Amino acid sequence: MATSGVKLYGGRPSPYVNRVVMALEMKSVDYELVEMNPYEKSELLIKINPIHKKIPVLVHGDRPICESLIIVQYIDDAWTNGPSILPTDPYDRATARFWAAFIDDNFFPLLREMREAEEEAKRLVFEKVLEAFALLEEAFITISKGKAFFGGDTVGYLDIALGSFVGYLRLSEMLNANYKILDETKTPLLAEWAERLYSDSLVKDAMLDPQKLLESLTKFQAMPKTDSN
Amino acid sequence: MEVRLHGMWASPYVIRVIWALKLKGVKYEYIEEDLSNKSMAVLEYNPIHKKVPVLVHNGKPIVESAVILQYIEETWPDRTPLLPEDPYERAMARFWIDFGQQKSLTFFAFFLTSEEDKHKTAAQVLETLKILEEEALGDKKFFGGNTINMVDLFFGWLTYSFGCMENISGVQVLLPETLPRLHRWTLDFKQEPVIKENLPDSTALLEHFKRVTKHLKSSNKFKPA
Numbered sequence: 001m002a003t004s005g006v007k008l009y010g011g012r013p014s015p016y017v018n019r020v021v022m023a024l025e026m027k028s029v030d031y032e033l034v035e036m037n038p039y040e041k042s043e044l045l046i047k048i049n050p051i052h053k054k055i056p057v058l059v060h061g062d063r064p065i066c067e068s069l070i071i072v073q074y075i076d077d078a079w080t081n082g083p084s085i086l087p088t089d090p091y092d093r094a095t096a097r098f099w100a101a102f103i104d105d106n107f108f109p110l111l112r113e114m115r116e117a118e119e120e121a122k123r124l125v126f127e128k129v130l131e132a133f134a135l136l137e138e139a140f141i142t143i144s145k146g147k148a149f150f151g152g153d154t155v156g157y158l159d160i161a162l163g164s165f166v167g168y169l170r171l172s173e174m175l176n177a178n179y180k181i182l183d184e185t186k187t188p189l190l191a192e193w194a195e196r197l198y199s200d201s202l203v204k205d206a207m208l209d210p211q212k213l214l215e216s217l218t219k220f221q222a223m224p225k226t227d228s229n
Numbered sequence: 001m002e003v004r005l006h007g008m009w010a011s012p013y014v015i016r017v018i019w020a021l022k023l024k025g026v027k028y029e030y031i032e033e034d035l036s037n038k039s040m041a042v043l044e045y046n047p048i049h050k051k052v053p054v055l056v057h058n059g060k061p062i063v064e065s066a067v068i069l070q071y072i073e074e075t076w077p078d079r080t081p082l083l084p085e086d087p088y089e090r091a092m093a094r095f096w097i098d099f100g101q102q103k104s105l106t107f108f109a110f111f112l113t114s115e116e117d118k119h120k121t122a123a124q125v126l127e128t129l130k131i132l133e134e135e136a137l138g139d140k141k142f143f144g145g146n147t148i149n150m151v152d153l154f155f156g157w158l159t160y161s162f163g164c165m166e167n168i169s170g171v172q173v174l175l176p177e178t179l180p181r182l183h184r185w186t187l188d189f190k191q192e193p194v195i196k197e198n199l200p201d202s203t204a205l206l207e208h209f210k211r212v213t214k215h216l217k218s219s220n221k222f223k224p225a
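Residue numbers (the numbering used here), protein chains in the order written: chain U, 1 to 229; chain W, 1 to 225.
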């Protein structure tokens, strides 16, 4: 499969764009990142993602693929050299897809709610975030089977689905020590796992640095609802 | 190889799994669940969402209909393929399934619409269906091309359940005049042998929808899946 003609449209700080970056890095795909502000619905964005008008969009050759997890699966299907992103066994794949859907449909909406909540409500949402994260810790125990990652010895689909947000989880704590989500006393395995991602040879260059995120966030101050998927 | 499916006869999420299993020729045991009194099996197999469908294969549960459909495709790949081989076409099939999931609130709003809002909610559904017709179906016989695939199964509920929603809300949306190609697809889809033999009784379904609407409207909440 030709590795030329791969363009990724989106903002580098976006955790959804980050998922695609992690997948492309894993497969050693040459690509061009075309920075795009998701809050400005440029003509180009409307052209490559007319249905949702969101980033990330991967354009391979002249064909656009949208929705971060769909793009990650596409990358796994299209580049068969290099490590597999999804597990091989159908049941393990189903488990990975289930938890990826949980992360997108249950966990992240809570993170967003927490970010947007007023001070009194924030604490309550934070408790729900921790409950959801505790479920992910249990999932990690079952799925990793004692190994380093959700994917086993190497990073996989769920490591990407959740790992793309680790920079933001760390940022949450940096901004307010009361909102520590990656807490080694509560979810020790996920705390260790997060650390491991920053030194894993396949994805370390893709991982988002909380300090850099803080700098980018101060640039994009007005954040209504999310415009990434 | 033991396959069991916990389901509910009127659920559009369950029926797409039944269709997939039948198309693949997979023998399974079906357990009808009373959603107001779920079995221990459902609560144990799906502790997070506590919903049907639950597919149990050799004692291991799989939940969420989109996940189950992909599991069935990958576990029985040799019979009746439900996804294209080409990675890009495959990504597009997943995209349309995801689109359907993202639009579930739009359909729910129409299903439970008040008299005042019925034309507004109907217009939003029409807009969604127009996108589906134009971009996903196009001039093909089925979403899958000449044969049905996972996307057809996913939207199959439009061919019979949606009529109940139109009946209850009092506005017809899916008509030959408004959505000619999609309307034609609904007829072709229901003619497929496996589908034809596995559709719920339409009278019973309408009664069921009327009961559910009444209950949801009076309790003032709804839970999109």
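Bear in mind the hints are in silico, worked out from the structure with no lab data behind them. These figures come from a predicted structure and were not determined experimentally. For each residue, glycine too, the CB sits at the ideal point set by N, CA and C. One or more hints might be untrue.
[What the hints assert, rightly or not] The calculated BS3-like cross-link candidates involving lysine-lysine, where the alpha carbons are at most 27 Å apart (straight line), are:
1) W/K130 to W/K24
2) U/K128 to W/K50
3) U/K53 to W/K103
[Stated by the list, open to error] Pulled from the structure, derived: some chain U residues nowhere near chain W, Cβ distances all over 12 Å:
4) H52
5) L58
6) R63
7) I70
8) R93
9) E119
10) Y168
11) A177
Practice task
Sort out which numbered hints this structure fails and list those numbers smallest first.
Solution key: 1, 4, 5, 6, 7 and 8
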